[in-house]
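K.L.:
Using the sequences plus the hints, can you model the full thing?
Number of protein chains: 2
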Amino acid sequence: MTESQISINSLLAPESVAFIGASNDPTKWGCIILKNMLHGGYAGPIYPVNPKEKEVLGLKAYASVAALPETPEMAVIVIPPPAVPAAVEDCVKKGVRAGLVITAGFAEVGPEGKKLQTAMVANAKKGGMILIGPNCNGISRPSANFFPQMPSIFPGSGPLAAVAQSGNVAASLIRRGIKKGFGFSAVFSIGNEADLHCEDFLKFLGDDPETKVIVGYMEGFKDGRRFFNVAREVTVKKPIVMVKAGSTGAGAKAAMSHTASLSGEDATFDGLCKQSGIIRTDSIDDMFGIGTGFLNQPLPKGNKVGIVTMGGGWGVLAADTSANFGLDVVTLSSRTIARLDEILPSWWNRGNPVDMVAGTVGGVVPESVRILMEAPETDCVILLGVLGLMKKRPGPSDGKPDLVEKQIREALQDLSDAFDWLKSLSHQYQKPLVIASEIPFTLGDFENRMVQMLGQKQIACYNSPNMAARVMSRLVAYGRYRRHYSKMKPTEGGKNGIQGA
Amino acid sequence: MTESQISINSLLAPESVAFIGASNDPTKWGCIILKNMLHGGYAGPIYPVNPKEKEVLGLKAYASVAALPETPEMAVIVIPPPAVPAAVEDCVKKGVRAGLVITAGFAEVGPEGKKLQTAMVANAKKGGMILIGPNCNGISRPSANFFPQMPSIFPGSGPLAAVAQSGNVAASLIRRGIKKGFGFSAVFSIGNEADLHCEDFLKFLGDDPETKVIVGYMEGFKDGRRFFNVAREVTVKKPIVMVKAGSTGAGAKAAMSHTASLSGEDATFDGLCKQSGIIRTDSIDDMFGIGTGFLNQPLPKGNKVGIVTMGGGWGVLAADTSANFGLDVVTLSSRTIARLDEILPSWWNRGNPVDMVAGTVGGVVPESVRILMEAPETDCVILLGVLGLMKKRPGPSDGKPDLVEKQIREALQDLSDAFDWLKSLSHQYQKPLVIASEIPFTLGDFENRMVQMLGQKQIACYNSPNMAARVMSRLVAYGRYRRHYSKMKPTEGGKNGIQGA
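Chain order of the listed sequences is G and S. For the first sequence, the numbering used here assigns the number 177 to the initial residue and increments by one for each residue that follows. For the second sequence, the numbering used here assigns the number 177 to the initial residue and increments by one for each residue that follows.
Everything labelled a hint here was simulated from the structure, so no lab data went into it. Any given hint might turn out to be false.
Put simply, identical chains are the same to the list, so a pair is met inside one copy or across any two.
Unchecked claim - Straight-line C-alpha distance at most 30 Å; calculated DSSO-like pairs for lysine-lysine:
#, residue 1, residue 2
1, K228, K204
2, K414, K599
3, K204, K355
4, K211, K568
5, K576, K356
6, K228, K270
7, K576, K477
8, K568, K228
P.N.:
Structure below.
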């Protein structure tokens with residue numbers, strides 16, 4: 177690990193933690209965040225610091241950082257702004273390596289806060305202590321059961337990482353992850369970026385073996401040039417999907433009062449994203465949807481898409497969206513048509529999208545996907561509707577709980593096998609497969625269990641044909657960037673305004 | 177009721193029904209659709225017609241339409257294409273007023289099918305019988321418990337109506353309705369529109385007292401001029417939110433093979449939408465989201481939006497999206513700022529969005545919404561986050577089922593009161609209020625019950641700030657159209673290429 181890797185690791189998975197501002201008052205963040213850490217199951221010692229309490233939430237409390245029995249590796253800081261610079265000084269004296277400053281009321285509120293923020297950072301730098309925040313709502317490292325964070329939500333461990341300048345956007349991402357069964361390697365709410373910047377976390381995540389895809393929400397950059405240099409290093413290893421907010425006058429004003437961020441020219445940012453391989457989007461849902469859609473996908477070698485659909489309207493919507501986002505809904509070759517003719521009913525549409533026509537059952541749907549995967553004219557495949565993947569559909573259960581449970585389990589196993597097969601197909605042909613479907617039937621809590629099952633397999637299944645096509649278009653764009661980059665000489669990047677890494 | 181009203185009423189809520197092609201084979205549509213009708217609880221007599229069966233699903237079966245003991249008001253037709261023209265002739269001879277032709281394999285498959293379709297319509301016209309379809313998946317009229325449809329999904333009764341040229345898009349809309357607790361007045365899957373066209377259903381729904389908002393999915397129009405004339409009549413009474421698919425070359429090709437629709441020039445359609453007040457969108461989710469967002473909303477008198485947010489990032493995203501879609505994120509007057517100063521903590525951002533800052537509780541959030549509603553500088557208000565509306569938040573329940581249930585009920589009542597109050601506020605000031613929020617906490621099956629509660633109140637609550645702003649922008653555009661139209665002389669429309677209604 178590099179030095180910065182080691183440092184950020186002290187934030188994410190420390191040996192021990194001081195909690196400065198721990199409280200027994202359940203309405204205070206000093207209580208809620210500590211509770212979240214305890215609930216999360218962090219294994220190391222936590223030392224509450226509060227001069228007025230003997231115990232906080234059952235843990236022995238200490239009057240000061242100086243009084244702690246050992247040097248904690250990191251500190252969570254939740255005290256009012258004026259007291260923070262001194263607390264950081266205390267941490268430095270004790271030898272604390274890293275601090276998470278939750279407290280708000282710094283640069284984002286005006287010159288007074290700005291002064292406190294500057295003093296806080298100066299004190300940290302004296303001792304080589306790194307800081308995340310202030311004005312943030314915390315971090316999560318599920319693999320270390322470490323959740324020093326404001327929201328009481330606990331995602332599982334997984335390959336998605338998030339960096340957000342907004343705490344409530346970070347929380348929105350976590351909520352989507354929990355709902356869809358996707359886990360996180362790390363979530364950083366980075367607030368005002370007084371010390372560590374967005375790019376420090378990107379750099380860490382680029383090298384973090386737990387992380388496969390990075391999603392990010394930013395309103396502005398402290399050091400745009402460094403950010404883009406780091407992004408460029410990272411995107412040749414793993415994708416970064418990013419919302420850059422504050423892109424309009426109204427949004428920029430709101431961003432200024434939110435995280436004291438100067439949003440900058442939107443067109444410039446857009447251009448720099450294209451040059452650095454960042455996948456830009458404009459909403460939390462797209463960021464999460466595209467991010468999860470990139471997990472475990474081979475990158476397409478071109479923009480030619482084949483579509484298999486269980487319903488005509490969905491097919492038309494996917495074709496429109498594909499075309500609008502630069503994909504080529506490729507004309508199928510006579511050889512591919514002939515192969516489909518062998519398995520599809522006589523009246524099939526002989527076009528792309530391949531319309532399965534209502535009621536098509538049996539192995540026809542998976543076989544059609546295989547034929548489009550094998551077809552030399554496609555670079556990638558979209559599948560709309562998963563009902564046709566099932567070998568057997570649940571019969572009537574008359575609401576009998578035992579039978580319902582049995583049917584749900586059989587259906588989940590059936591779908592699980594089908595998705596595993598599709599994933600292996602996708603890797604065999606090195607073409608990405610993006611899937612959208614309605615939940616195929618209503619049966620007890622089947623929907624939730626199906627969604628969780630897919631999330632745990634790191635498979636995104638969208639509920640809209642438009643979204644499937646949009647995600648595919650981003651896979652194509654990222655694949656193009658990666659091919660282009662691999663051909664470039666190391667110095668060539670400079671010509672486009674970005675220095676070589 | 178006009179004559180066409182009476183006729184379409186025969187399709188939606190007939191006194192009695194013949195089911196031509198009824199079957200006991202559970203894999204056949206003639207069985208599945210009949211089962212759906214029985215499950216739906218239709219009260220009138222159903223006469224299965226099948227020369228080979230004595231009984232179908234427990235109902236006495238008849239060898240032919242001629243053999244039925246009375247004249248059924250409508251007929252559901254599920255037999256193979258070559259037999260359909262004769263069946264329609266039989267219906268006409270018996271005096272049947274309306275037919276629903278589910279069967280596919282007509283104009284959409286080629287010249288042979290086209291011939292059958294022409295013969296079928298000619299036979300119907302001889303007796304003044306109207307037809308919906310062919311190549312459709314049915315209709316629903318929940319208020320009449322009438323569900324002659326392919327999918328086994330049963331929405332409640334409500335104010336949303338849907339007209340779709342695609343059966344699976346109609347089903348997607350129904351699924352979204354069930355999931356979100358919104359009911360439908362009617363759902364028409366209109367297929368090839370051999371006899372009745374999209375505009376016939378629009379006209380009916382325009383006069384239908386059960387219907388408040390119409391959503392539609394179309395790939396092409398049989399008679400574009402008539403469609404726009406009807407749309408223009410309807411949109412001065414109620415909004416039409418529409419997806420026009422086949423807008424790209426790839427989509428148009430797919431539409432041709434799907435419903436034999438000529439998609440036409442997309443830019444022309446776009447212009448005609450603007451002139452006829454149709455709210456155009458491009459996805460099923462937006463169609464449903466915008467459609468439900470229009471229910472029970474006063475129309476804004478201008479584009480000036482005030483935003484109250486529980487989180488900074490959500491506020492910035494809403495401000496960006498508002499600005500991108502033509503809303504003015506208005507600068508708050510000094511009087512409004514002063515009023516907010518009285519209730520908000522000293523460090524509040526004094527801008528729009530009004531940022532509640534993490535942890536704001538009590539009556540501050542609803543009071544801030546009221547202040548923005550009262551402010552003369554706003555035309556409409558967006559609220560992001562509903563947790564702050566609650567008088568009391570659920571405490572720890574330790575998973576005890578009785579306590580969890582009690583807490584869920586209290587929380588639902590608390591939120592229900594808050595939403596009722598917000599609705600009355602919106603009507604008092606005649607300014608629309610659009611709300612987006614995460615589900616505020618995790619507690620048993622609270623999420624689903626909260627969503628259903630809101631749907632039953634006909635309140636849309638989005639999970640994305642971008643969507644809230646997009647919906648508001650459509651309310652503003654529709655409000656502008658309605659104001660503009662009300663000022664126009666009846667003949668003026670002709671200048672824009674559309675004849676006066």
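K.L.:
Of the numbered hints stated previously, which ones are contradicted by the structure, given in increasing order?
P.N.:
7
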